[in-house]
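Novice: Using the sequences and the hints given, assemble the complete structure.
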Amino acid sequence: MEFFGQPKIDWLGKKWYFLGFSLIFSVSGILSLLFWHHLPLDVDFTGGTVVRVKLAQKPDIGRLRSAAEAAGLKDAPVVTYGPAVNNEVIITLPEKETSEAALDAGRAAIVSALTTRYSETGKANAGSGKLDLDNAGRGTLIDWLTKQDPEHLGTSDAATQRYTQQADAILHYRDTDHSGLIDSISALSSVADPAVVKDLEQNAYLSGFAVRNVEIVGPQVGTQLKHQALAATLYSLAGMLIYLWFRFELIYGVAAVVAVFHDTLITVGAFSLKNQEISLTVIAAILTLIGYSMNDTIVVFDRIRENLRLSRREKLADLVNRSINQTLSRTVLTSGLTFLTVLSLYVFGGEVLRGFSFALVIGILIGTYSSIAVAAPMLVAYQDWRARRGKGAALPTGRRSR
Amino acid sequence: MRKNLTQKTILIIAVLAICVLGITGIPSGFSPAALKQSILNRIHLGLDLKGGTHLILQVMVNEAVGITTDSDAAHIQQDLASNGITLPPNSVVKPDPKNHPEVIQINNAPPDRSGDISSVLNSRYGQQYDIASGANNTWTLTMKPTAEADLKKRALDQSIEVIRQRVDSLGVSEPVVQEYNLGSYQILVELPGIDDPARVKDVIQSTARLEIHLVLGGPYSSEADALQQIGGSVPYDAELLPTAPGVSQSGGISWYEVRRTAEVGGTDIRSARVGSNTNTNEPEVEFFLTTAAGDHFAEFTGANKGKPLAVILDNKVQEVANIRDQIRDQGTISGGAMTEQQANDLAMLLNTGSLPASLHYLQESTIGPSLGADSIRQGVMAAIIGMLAVMIFMLIYYKGAGINADLALFLNLVILLGFMGYTQSVLTLPGIAGVILTVGMGVDSNVLIFERIREELRAGKSPAAAVDQGFAHAWTTILDTHVTTVVAAAILFLFGTGPVKGFAVTLTAGLCANLFTAVFVSRVIFDAHLNKKLRGEPISI
Numbered sequence: 001m002e003f004f005g006q007p008k009i010d011w012l013g014k015k016w017y018f019l020g021f022s023l024i025f026s027v028s029g030i031l032s033l034l035f036w037h038h039l040p041l042d043v044d045f046t047g048g049t050v051v052r053v054k055l056a057q058k059p060d061i062g063r064l065r066s067a068a069e070a071a072g073l074k075d076a077p078v079v080t081y082g083p084a085v086n087n088e089v090i091i092t093l094p095e096k097e098t099s100e101a102a103l104d105a106g107r108a109a110i111v112s113a114l115t116t117r118y119s120e121t122g123k124a125n126a127g128s129g130k131l132d133l134d135n136a137g138r139g140t141l142i143d144w145l146t147k148q149d150p151e152h153l154g155t156s157d158a159a160t161q162r163y164t165q166q167a168d169a170i171l172h173y174r175d176t177d178h179s180g181l182i183d184s185i186s187a188l189s190s191v192a193d194p195a196v197v198k199d200l201e202q203n204a205y206l207s208g209f210a211v212r213n214v215e216i217v218g219p220q221v222g223t224q225l226k227h228q229a230l231a232a233t234l235y236s237l238a239g240m241l242i243y244l245w246f247r248f249e250l251i252y253g254v255a256a257v258v259a260v261f262h263d264t265l266i267t268v269g270a271f272s273l274k275n276q277e278i279s280l281t282v283i284a285a286i287l288t289l290i291g292y293s294m295n296d297t298i299v300v301f302d303r304i305r306e307n308l309r310l311s312r313r314e315k316l317a318d319l320v321n322r323s324i325n326q327t328l329s330r331t332v333l334t335s336g337l338t339f340l341t342v343l344s345l346y347v348f349g350g351e352v353l354r355g356f357s358f359a360l361v362i363g364i365l366i367g368t369y370s371s372i373a374v375a376a377p378m379l380v381a382y383q384d385w386r387a388r389r390g391k392g393a394a395l396p397t398g399r400r401s402r
Numbered sequence: 001m002r003k004n005l006t007q008k009t010i011l012i013i014a015v016l017a018i019c020v021l022g023i024t025g026i027p028s029g030f031s032p033a034a035l036k037q038s039i040l041n042r043i044h045l046g047l048d049l050k051g052g053t054h055l056i057l058q059v060m061v062n063e064a065v066g067i068t069t070d071s072d073a074a075h076i077q078q079d080l081a082s083n084g085i086t087l088p089p090n091s092v093v094k095p096d097p098k099n100h101p102e103v104i105q106i107n108n109a110p111p112d113r114s115g116d117i118s119s120v121l122n123s124r125y126g127q128q129y130d131i132a133s134g135a136n137n138t139w140t141l142t143m144k145p146t147a148e149a150d151l152k153k154r155a156l157d158q159s160i161e162v163i164r165q166r167v168d169s170l171g172v173s174e175p176v177v178q179e180y181n182l183g184s185y186q187i188l189v190e191l192p193g194i195d196d197p198a199r200v201k202d203v204i205q206s207t208a209r210l211e212i213h214l215v216l217g218g219p220y221s222s223e224a225d226a227l228q229q230i231g232g233s234v235p236y237d238a239e240l241l242p243t244a245p246g247v248s249q250s251g252g253i254s255w256y257e258v259r260r261t262a263e264v265g266g267t268d269i270r271s272a273r274v275g276s277n278t279n280t281n282e283p284e285v286e287f288f289l290t291t292a293a294g295d296h297f298a299e300f301t302g303a304n305k306g307k308p309l310a311v312i313l314d315n316k317v318q319e320v321a322n323i324r325d326q327i328r329d330q331g332t333i334s335g336g337a338m339t340e341q342q343a344n345d346l347a348m349l350l351n352t353g354s355l356p357a358s359l360h361y362l363q364e365s366t367i368g369p370s371l372g373a374d375s376i377r378q379g380v381m382a383a384i385i386g387m388l389a390v391m392i393f394m395l396i397y398y399k400g401a402g403i404n405a406d407l408a409l410f411l412n413l414v415i416l417l418g419f420m421g422y423t424q425s426v427l428t429l430p431g432i433a434g435v436i437l438t439v440g441m442g443v444d445s446n447v448l449i450f451e452r453i454r455e456e457l458r459a460g461k462s463p464a465a466a467v468d469q470g471f472a473h474a475w476t477t478i479l480d481t482h483v484t485t486v487v488a489a490a491i492l493f494l495f496g497t498g499p500v501k502g503f504a505v506t507l508t509a510g511l512c513a514n515l516f517t518a519v520f521v522s523r524v525i526f527d528a529h530l531n532k533k534l535r536g537e538p539i540s541i
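The listed protein sequences correspond, in order, to chains D and X. Read in our numbering, the first sequence has 135 at position 135, and its numbers run on one by one without any break. Read in our numbering, the second sequence has 305 at position 305, and its numbers run on one by one without any break.
Hints were generated in silico from the structure; no laboratory data involved. Note that the coordinates shown come from a computational prediction; the quantities given were computed from them, not determined experimentally. Using N, Cα and C, we set each Cβ at its ideal position, and we do this for glycine too. Just so you know, not all the hints are guaranteed correct.
For each label pair, taking beta carbons as the anchor points, the in silico distance ranges come out as [as the list claims (entries may be wrong)]:
1. X/P245 / D/Q202: 31 to 37 Å
2. D/D183 / X/F410: 37 to 43 Å
3. D/Y235 / X/L388: 33 to 39 Å
4. X/P245 / D/A159: 34 to 40 Å
5. D/D183 / X/N279: 25 to 31 Å
Below, a sample of chain X positions facing chain D; criterion: calculated Cβ distance under 10 Å [said to hold, decoys possible]:
6. T366
7. I367
8. I376
9. G440
10. I491
Specialist: What follows is the structure, encoded as structure tokens:
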């Protein structure tokens, strides 16, 4: 099976269409960055407190907000997170409310607000000495079971071991099988001893919410990370430029860097348009796609260089067209395959990696496009510009390359 | 032309075996559960997959500098006096203790004794400080930058050591305590499996700096009241400290004026243990001093009978008692409504040593275990689906050669996981993404070679020659493309934090393994295939 027999498309002839296409996306991205969603940054960079909570039922955002306000947390945005079936929300405390001294207080306040003001069972049972089974940690649960001693084993080592085993089974049921929430305590009889379950039914309750994760970032760290991310990106670009200068010539390096810059700009613009937050892993994805776009561009440049060496009197534009056509099959296939894997990550990989996979999905498409539509035309444009100024051909045919 | 492939084949099988061993170690059994266990023993899961707490702490190193200069400043006055140079009280000050704790200033220096002053100061403090005389009969001692940097580094190292001991004694499994962000005096602490970090954080952060000071005045009902009573401003050699909650008789918080320099300080405490008060049966902590400290303390208490002493914990007055007798080398801390657990924690803190400076939290991240389990499930599913999609496509598009590519891909994965097993690297969620990306980018090399082979076949070459040419031409391009991605990954490794580092490692290792599988192994498989065919018989590609 073969997709591309012998393509003979005039790529450079279409360069104005390409320019238009690139302009539309870059400009809409820039406009969004400036005026609409601006640059959506994750808590990694902005600082602040983010608590992600899973609820047993569909979350009532209004009630959650008033619960937070009643606990003294003004203006704490509460938004749903991920697909609706997950019943998850994110509660944020912005950076100005998260001073370094009170870094932890925000989280404690949120948990207490949820227990005493949102959860019905929490309101009824908080402070009564009963155990909240939805939120108990491993240590807490083992201590509780050992103290309650429902199987009357005393306080021997064997007893602790038995209760540890029971606790682990219960936690495995809750965390690994049911994403952190238990439907009903009686359901635990499938994994724990009947005496233990009976004791829990009497002396424990289910608050109906579970804290999935907490991120607290002080303002100092946020700024530090911003600088590091910027530095990493700039070093990457510089490194690529030097590498290409060394392997090819300066103009190739410049053309490739311009193409990569174009890719990064459109990708960041896409984040702004979609209001998807940029976290540290997203920066990692962007650096990866810089490497990937370079990849792609190098393949085309390699072919151009090879053809320059072999051909005698061909016009540069025709030669570049031919080079692109020769590598088209390979370029589209590779991008397609990488795109398949990244798409799988985007669809199946879960919420935590959503930003990361989104960056790669956009990046791979645009990266492939830019090798053909930005980098190659730049080479020809540079040569034409030099010709107009009376200089010799920058990329003469028939010469021996290094 | 048959090629001798035996050596190459043996090499490939050996690599495969070594890597499988790297993944599973020597398995204790072959049931799925036993295999899973041995794999988990080799490949460690990162915090975002296992659940746990990640903390970044800032060591307030300026405090450590401040403590040293405080103590030096107190000694300067004594040293000058013992050389016949008497200065009025409060002459040795720190002009800016908050922003420049490393500067000490001596005022009211007698101008005619400059020579003596200079020699005394230089002989005792010349090594650590730059000494200069200034206008208005002042002398300034500034800690040398090297001495200051040294002191700060020692404070950092000591903090790391103390935190490590405290975390160990709390029974956290596989904790990570290390310096973070070179040069900024920050510490990274990772506690797997801890989903309620409150108690651990308290234990880590408490400086547990136990000191005993002479009480000069008090108790006062508030800081303002205290200031008023002592005449408007705090003398240089004293400070005002509040009581810890629950200590004061009147309820609320009282304030005391105490001498600034401690008679007994953190390093003077040899050990501590929990006991219970014989009178009230409440838990209390007994501490024991080192011999040298014991001597000094005996001398001090002997000379100050009847005067009140304050036991100060973390700059809060824990207890005030009058000196009845000479005390040599032990004391107790009680009161403050201390619970049994608090007494245990305090004894443990005193035993592991005090922190040389206080710690502030810069960042905290807690991943619940349910999220970790979900992440693993989703990551693995995405990886499997992605890989299947690629493999099926290669089979359809390249037919026979597709099998070749798929085998190379599978081997690539095995080598990558084996590498991770051998280097004990940590698998994070971005790391799983890195594996998925390796699959996508790795198959690129195969595509490059196969397309070239097809081109050569189209140009009319024989299958053997086409395969030859295909591999030869593609090699430089494959190398180029791998280098650029690996350079990007290397930069990520240098600049990134834990999960991002995991991604950089899997991507780099995967691409390096790919160089081996896509070129060497693929070639061997092609050659083996060609060996079986007659000259000129077409291959399936």
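Novice: Each hint needs a verdict: does it hold in this structure or not?
Specialist: Hint by hint, here is what the structure shows:
A beta carbon spacing of about 36 Å between X/P245 and D/Q202 agrees with the range 31 to 37 Å that was offered as a hint. Between D/D183 and X/F410 the Cβ separation comes to about 40 Å, which falls inside the hinted range of 37 to 43 Å. Separation of D/Y235 from X/L388 is about 37 Å and conforms to the stated range, judged on CB atoms against 33 to 39 Å. Look at X/P245 against D/A159: about 37 Å separates their beta carbons, and that is inside 34 to 40 Å.
The hint said 25 to 31 Å for the Cβ distance between D/D183 and X/N279, and at roughly 53 Å that hint is violated. Among the interface hints, the one on X/T366 holds; its C-beta lies about 4 Å from the nearest C-beta in chain D, closer than the 10 Å criterion. For X/I367, the interface hint holds, since its Cβ comes within 10 Å of a Cβ in chain D; the closest pair sits about 5 Å apart. The interface hint given for X/I376 holds, since its Cβ lies 9 Å from the closest Cβ of chain D, which is under the 10 Å cut-off.
Hint status for X/G440: holds, given a least beta-carbon distance of 4 Å to chain D, under 10 Å. For the restraint placing X/I491 at the interface with chain D, the shortest Cβ-Cβ distance is roughly 5 Å, inside the 10 Å limit, so the hint holds.
Violated hint for the displayed structure: number 5, the only one.
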